[in-house]
Amino acid sequence: QQQVKQSPQSLIVQKGGISIINCAYENTAFDYFPWYQQFPGKGPALLIAIRPDVSEKKEGRFTISFNKSAKQFSLHIMDSQPGDSATYFCAAALSGSARQLTFGSGTQLTVLP
Amino acid sequence: KAGVTQTPRYLIKTRGQQVTLSCSPISGHRSVSWYQQTPGQGLQFLFEYFSETQRNKGNFPGRFSGRQFSNSRSEMNVSTLELGDSALYLCASSLPGLPNTGELFFGEGSRLTVL
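From first to last, the protein sequence lines are chains X and D.
This note's numbering puts the first residue of the first sequence at 1, with every later residue one more than the last.
This note's numbering puts the first residue of the second sequence at 1, with every later residue one more than the last.
Everything labelled a hint here was simulated from the structure, so no lab data went into it.
All residues carry an ideal CB built from backbone N, CA and C; glycine is no exception.
Do not take every clue at face value.
[Claimed, not checked] Reference listing, derived: stretches of chain X covered by chain D, where coverage requires no fewer than 3 residues with Cβ under 8 Å from a Cβ of chain D:
#	segment
1	12-24
2	98-105
[Unchecked claim] Estimated spans, in silico, between C-beta atoms of each pair:
#	chain 1	residue 1	chain 2	residue 2	range
3	X	K42	D	N59	23 to 31 Å
4	D	S27	X	T87	40 to 48 Å
5	D	L115	X	P8	29 to 37 Å
6	D	E103	X	S55	19 to 27 Å
Take the sequences, apply the hints, and build the full model.
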């Protein structure tokens, strides 16, 4: 019940296209859902995060869509750029334990020039 | 502002040995968390420390331990190393004083290889 399932495992998108990564969770006690971006040789870095009281959050080209009833959330990257090529991880945390993240398995995104 | 610093960056050990990894958080950050990253299991939470106290612990055997010092620097130790302990160990710091934003600032990790 602590798992976060992420898909797809890998994604190839043309420059300017939309990248979509999906995650699903089971534990309804999760109340914090961040997305992290990781480049090779680097640690993950927070990209954007959402709480279940909103259905969508947008920051620049990055948008999280959240469906509480379906227990799903997704990351949309608009106008994808080669510099976005990285591994993306969704995650979830319980109330009061925001630093104890349960991560998805990751999606390796490649944006072709 | 300096980021999270982890040392050593790379190390090789043999089965049965022990290892200590060090983490210096961002100045002013008082919470330090540790994660293990492997190709098979992905990113898994090890433990979190705040004010020298362990706040949370993940589902890892007792061979994995950690501590935090009064200057917020943290160490983790793995005893009796097994081949499966080969991984990238990531340290992350955060400001727990903020209203549970949860943002973790990760270091570049210590890559441990167990032979």
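Find the hints from earlier in the document that the structure breaks and name them by number, from lowest to highest.
The structure breaks hints 1, 4; every other hint is satisfied.
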